[in-house]
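Just so you know, the protein sequences line up as chains A and B, in that order.
Quick note on my numbering: the first sequence kicks off at -6 and runs consecutively.
Quick note on my numbering: the second sequence kicks off at -6 and runs consecutively.
Each hint should be verified, as a subset may be incorrect.
Since the list gives no way to pick out one identical chain from another, each pair is judged satisfied if it fits inside one copy or across any two copies.
[Claimed, not checked] Below, simulated EDC-like cross-link-like pairs (lysine to aspartate or glutamate); rule was C-alpha separation at most 16 Å, straight line: (1) K48 - E208; (2) K101 - D275; (3) K232 - E256; (4) K54 - E256; (5) K192 - E66; (6) K54 - D15; (7) K100 - E66; (8) K100 - E325; (9) K332 - E256; (10) K54 - E276; (11) K332 - D257; (12) K192 - D63.
No lab work stands behind these hints, which were simulated from the structure alone.
2 protein chains.
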Amino acid sequence: MDERTNQNNPKKWYQQSGAEGDVVISTRVRLARNLSGTPFPAGLTAERKREVAEKVRGALKASGNAGDYDYLEMGNMTARDALSMVERHLVSPEFAQCEEGSALLLKKDESVSIMINEEDHIRLQVMRPGLDLDEAYREADELDTALDQTLHFAFDDRLGYLTQCPTNLGTGMRASIMLHLPALEERGAIQQLAGTVSKLGLTIRGLYGEGSKPEGAIYQLSNQVTLGISERSAIENLKGIANQIIREERAGRELLRRNPRFEDTVWRSLGLLRTARLLSHDEFMALISNLRVGVAMGIIPDVGMDVLSGLISDAQPATIMAAARRDMEPGERDAERAKMVRERLAG
Amino acid sequence: MDERTNQNNPKKWYQQSGAEGDVVISTRVRLARNLSGTPFPAGLTAERKREVAEKVRGALKASGNAGDYDYLEMGNMTARDALSMVERHLVSPEFAQCEEGSALLLKKDESVSIMINEEDHIRLQVMRPGLDLDEAYREADELDTALDQTLHFAFDDRLGYLTQCPTNLGTGMRASIMLHLPALEERGAIQQLAGTVSKLGLTIRGLYGEGSKPEGAIYQLSNQVTLGISERSAIENLKGIANQIIREERAGRELLRRNPRFEDTVWRSLGLLRTARLLSHDEFMALISNLRVGVAMGIIPDVGMDVLSGLISDAQPATIMAAARRDMEPGERDAERAKMVRERLAG
């Protein structure tokens, strides 16, 4: 993974900011697909998993896109590198645990990843900065179609795409938006929001999905319903609700702006990030969240949202160690994190 | 007082740093003197106090030094300006309460002040940056001698200089050193130190003397004994003990240097001081103390000790209001303080 954490490489998707970037960090569309006539990965030996992986790899080659991708076998990967990929949302936490026979096709700009032999044979996901559901879906759909020409995905006319877990049956699609909601969190409005979106067939969760606690006021909003609904209408539903949350968050920020303590907190966060010699992960996430909203609201000039997005990704524990190519004690990691943050936020 | 808090004026004594400036902020020598044949101020009407003040003013003129001094009548002074002078150690807290008939002769660089009709007819004090007891005493003695030629201070061959309070009888001298002792404070060593110095005829107290709590790890070390001892030996005694405390504080700092949390705390303090929009007095004192030791230890470059000494003086509550020529609510004052600190510490 070293080359992918190297600062000299071309910009990754997450080092850019996109539409509604004040509130929306990124958009992701994930499709679950399986090869017809082959048992789900849970029922495969490592040997047979490898055959599936080779088939998928071959299909990508046949589509003419293989040159943009790296092929990574999970069995050869250190736990550090695998966890770093989880931190950067390139793979699921479950996939990081996968060993022999599981593999990853990862686009060089890290905007597309194809997990092979996670819960399903294929979990392909496309990520985009900001709110960009249409484009993320378009790319995922294009790749899906290209792979399908060779692989012939398991599909039932009544059920749609067949998946290991029934909650994915149908479209097999999970679209999600990563939102920065400091004002709604400050107001204690997230729980109510979660109740509301759940009635609308969506779910809102912490930074690393199901069961993860929210860090840095970052939340994932995603669709839950895959059956009896088209991909297009699922996307439109998500988009509509996302836009409503964005409006509420912005209104909440305008209320915060009237409180002099808020401006003070934002500036202090920049001061601490620019000077601290030790930064724990939790403190880093809290401070970068304050700074991000300050930049988004124009309180802090001369700091780019792209720099913050890059830091949120690169200053995660395993990603720091993956970049250094070695494991570290928490204290040493906190010093490394502080150094990285200081350098990138130098005034 | 406006002209004295104005930034365009020549440098004040406290905006410079002196010998052993890493630990010693300033040195002060104060002499208590009374006019023979005149009751102590407590027994004088406002009218008679004014006569005393005129006599002292005349004596300063006769000595040829009056041109360097401003003459300020306490009855004409706002509470804000009087408190500001306490904060800058130009007058005692008791003197700030004095009204009709009490007056101050203040040298334009604020290094010498002559309080007229405090507890005694005259309390003259000389302040110097750093550890500079000899020079402070020399200046005080010279001024004392010059005034004595006209005023003929009350003196008893057995008791020495006569003062209202018996604890000042004899030399009438109080010499004190303002010490920055963050390492000893951190180690919880101040109480033991207080016990030790008290056995040696000295006392150690908070920033504003008797009964004041220590702020910013700043302590005053002063002589207690005035009777049966010469000024010279009192000075030598204080100097010897001060040097021992300085050595202990430096040793404590070297221990702190080994703790990575300490360097972190020092840098964070600079970060907060450079960015905060609201700074309470207590937080300011804590942060500036951390920064001062960091500058003294060479951890923080490019920040002058003179800037810190100036801030410790100018960012006190009444001094902020005196500079603005108006009273302020605490919140507004905290914003003014933060602004002043940011401007002077700009990177």
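Hints versus structure:
1. K48 - E208: Result: close neither inside a copy nor across copies, 38 Å intra and 72 Å inter.
2. K101 - D275: This pair counts as neither: shortest intra-copy Cα distance 29 Å, inter-copy 52 Å.
3. K232 - E256: neither (31 Å within a copy, 47 Å between copies)
4. K54 - E256: Intra 52 Å, inter 54 Å, cutoff 16 Å: neither.
5. K192 - E66: Neither, since 40 Å and 75 Å both go past 16 Å.
6. K54 - D15: neither (38 Å within a copy, 69 Å between copies)
7. K100 - E66: within (14 Å within a copy, 80 Å between copies)
8. K100 - E325: neither (31 Å within a copy, 54 Å between copies)
9. K332 - E256: Answer is between: at 13 Å across copies they meet the 16 Å cutoff, but 25 Å inside does not.
10. K54 - E276: Neither way: K54 and E276 sit 44 Å apart in one copy and 63 Å across, limit 16 Å.
11. K332 - D257: Answer is between; shortest inter-copy Cα gap is 11 Å, intra-copy 24 Å.
12. K192 - D63: neither (40 Å within a copy, 77 Å between copies)
This entry does not satisfy hints 1, 2, 3, 4, 5, 6, 8, 10, 12, going by the numbered hints stated previously.
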